[in-house]
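Engineer: Given next are the chains, with one letter for each unit.
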Amino acid sequence: MSKSSKLIELRARIQQHLSAPPAQHRAYLETGVPSLDKLLAGGLWKGGIVELTCEAKTSGASFLMRTILRHAAKEGRWSALIDGSDSFDPQSAGAQMLKNLLWIRCKKAGDAIRSVDLLLRDGNLPLLFLDLRGNPATELAAISSSNWYRLQRAIEPTSVALVALTPRPLIMCADVRLLLEGHFKLASLDDEQEVLLPQLSLSISRKRSATRWTEQMEAAV
Amino acid sequence: MNLYAVIFVPDFALQAVLRNTPELRAQTVVLIAEKKTRILQMTPSAHAAGVTQGMTPTQAVARCNGLIIKIQSPDAERVARAALVECACSFSPFVEETAAGICTLRWDAEWPASQKKRPLVQLAAVHLCARLGIAPNADLALLAAQSADSCREVRAARDLAAVPIEILALPPHLLSVLGKWGIHTLGDFVALGRDSLAERLGAEILPFFDRASGRIDRPLRCIPPPEIFEESIEFENEIETLEPLLFILRRFLEQIALRLETAWLVASELELRLGFTIGAFYRRRFDIPSPTCDVDVLFRMLHTHLENFRAEHPIISLRLTATPSRPWRQQFGLFESALRDPNQFFETLARLGALLGEGHVGTPNLFSTHRPDAFFIGPVIFGELSDRRRITAEPSATKAPMAGLSFRRFRPARPAQVLFKKRPVFLQSVEVSGAIIDSFGPIRLSGNWWNGAPWSHNEWDVQLHESVLCRIYEEDGAWFLEGIYD
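So the sequences go chain by chain: P and W.
Using numbering that gives the first Met the number 0, the first residue of the first sequence is number 0, and each one after it goes up by one.
Using numbering that gives the first Met the number 0, the first residue of the second sequence is number 0, and each one after it goes up by one.
The hints are simulated quantities; they were obtained by calculation from the structure and are not laboratory data.
Keep in mind that a hint or two might mislead.
Claimed, not checked - No farther apart than 25 Å at their CA atoms in a straight line, the calculated lysine-lysine pairs in the DSS-like style are these:
no., chain 1, residue 1, chain 2, residue 2
1, P, LYS98, P, LYS73
2, W, LYS420, P, LYS184
3, P, LYS206, P, LYS37
4, P, LYS45, P, LYS206
5, P, LYS184, W, LYS421
6, P, LYS45, P, LYS98
In isolation and in its complexed conformation, chain P is listed as follows:
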């Protein structure tokens, strides 16, 4: 028996006798976007981080965020937008969404991470959006992975859902990483929400699960 197969068998035995914690039954926060709720099997995970990677400058991410925030406002829920580069435009958002929105205007990615940390430890707001798409690559590179793990540990015991909008994959510990693509033309600026939503292309790039570590070990061996 080769060394690698012995290791796999050993890990399987450990898992059998000292089983990993069962997959948690998570509560979900509906987004109001049917395709996204279906993709996430219910909605945004409470106590989890969803990373929405948008590599194109016009991908529809802000439109998607606006739709989710409007749905939350309609449901009477308060949300927070931690704006890493102070790029949110209230005039295009609409008063309906604004009245239930806490807007945190940051100039640097580091301040945005600290703000998220404070809000996670507060735990009063059920939905947080962290927008880092406008921050320079140097600032994003300066955010160490330990910061993200700390946020992940902070959010786990709460019922807060955090959606992080990033220009490239950044958060290794995110529960789900979604890739958003959208191809829009100038005429799309006049289209209604119902027409625009189907044009968003969402796909799961990576998903964390209870047996993730076993799969990664097997892949490494």
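Since the structure of chain P is provided, determine the placement of chain W on it from the hints.
Structural biologist: Coordinates of chain W only, in the frame set by chain P:
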């Protein structure tokens, strides 16, 4: 039968000054007036050391080495009077502030004897040492309180017969005459009779006789319950660091919380006022989203703010005022998402404000204008108040249903170079560059030409390669990249 009680605080001015340093009560301390230099009041230790009223400080120090001299403080007296009145109001709705340090109130005759000392216990908690007198009328009750060690109840004037006549505070010439007559006690004084005293000493003696005999059952001049709970101090030394300020603030909060709880109230607002050596003041109002008496919650609110507070001059005075309100009784609806912990949330907002600065944390509100990027950051308001108090000014253009993509704005707008041939054909900027394959415009916007702050620019929505949609505008001949549609 109606009963009256008088809460009497002896040496009130001195006790008011020593409230914030109660450990000095056991030491030799004297009080002098602000401008005059005679000793007004003293602690028992100072009296025992030979210091008397009317001495100069020099004489007093000569009698007692290590004497501590305090200056009379009108602010401290005002706060102490408020504390005394609050205490009295918690025992009776009919309270009269007879004089500084003296409160007269209607007393419930049904109260058991064990409850009589409760006012004194409450005042001791706010560092005021008082005495209580109970009698059928206000004048006798005052005499009973002044002659008591702690608490004294009398049923008639004859119960005070043995009390020295000096308690009436007669003018010196009348006291001298009575002394020569051998009248040394209230009993002897009253026994002379009203008419004979008036005949010999004139009408001047009659008010004192009426008080000593309890002849007149005067009505109380009742005061409404106080609504402001305040603590203040003038520092003897200038304060330049945060720690001593926080120490005093914590003490103030404990006192205010105790006084609020006594009146079954909570704090809905705090106002902090700092006085500087140059005479200027700093004021800050703290709204407490969930009114409370919790000292830790209130202290954290002040601490968070003061951690980032910087002053150019030392601090010489401090005042903390709490606005009282009834405790909230709120039933949340089944489908409402109310805040789990409002005070914790607003403390988080304060921390975020301290991290990011003013105007960077809050709810965006739109101005009623078509000017781009016209908004202001307002406070976060939860609950039913949000509909009444929120200032929502929505320009008519955005009242239409939300259509189209959202807009991500660059603040400030990025300078751009645009090659323009009847319409923009190429865009060069830090954020995006490339040939413009489609465009829409110009959209001419202008405003405020009527009030001296005019603005105008021409906007274009453009599409670059790779489906990048953005907005550019021209203003005074220069081009800017305003943002990206996303």
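Engineer: Which earlier hints can't be squared with this structure?
Structural biologist: Hints that this structure does not satisfy do not exist here, as all of them hold.
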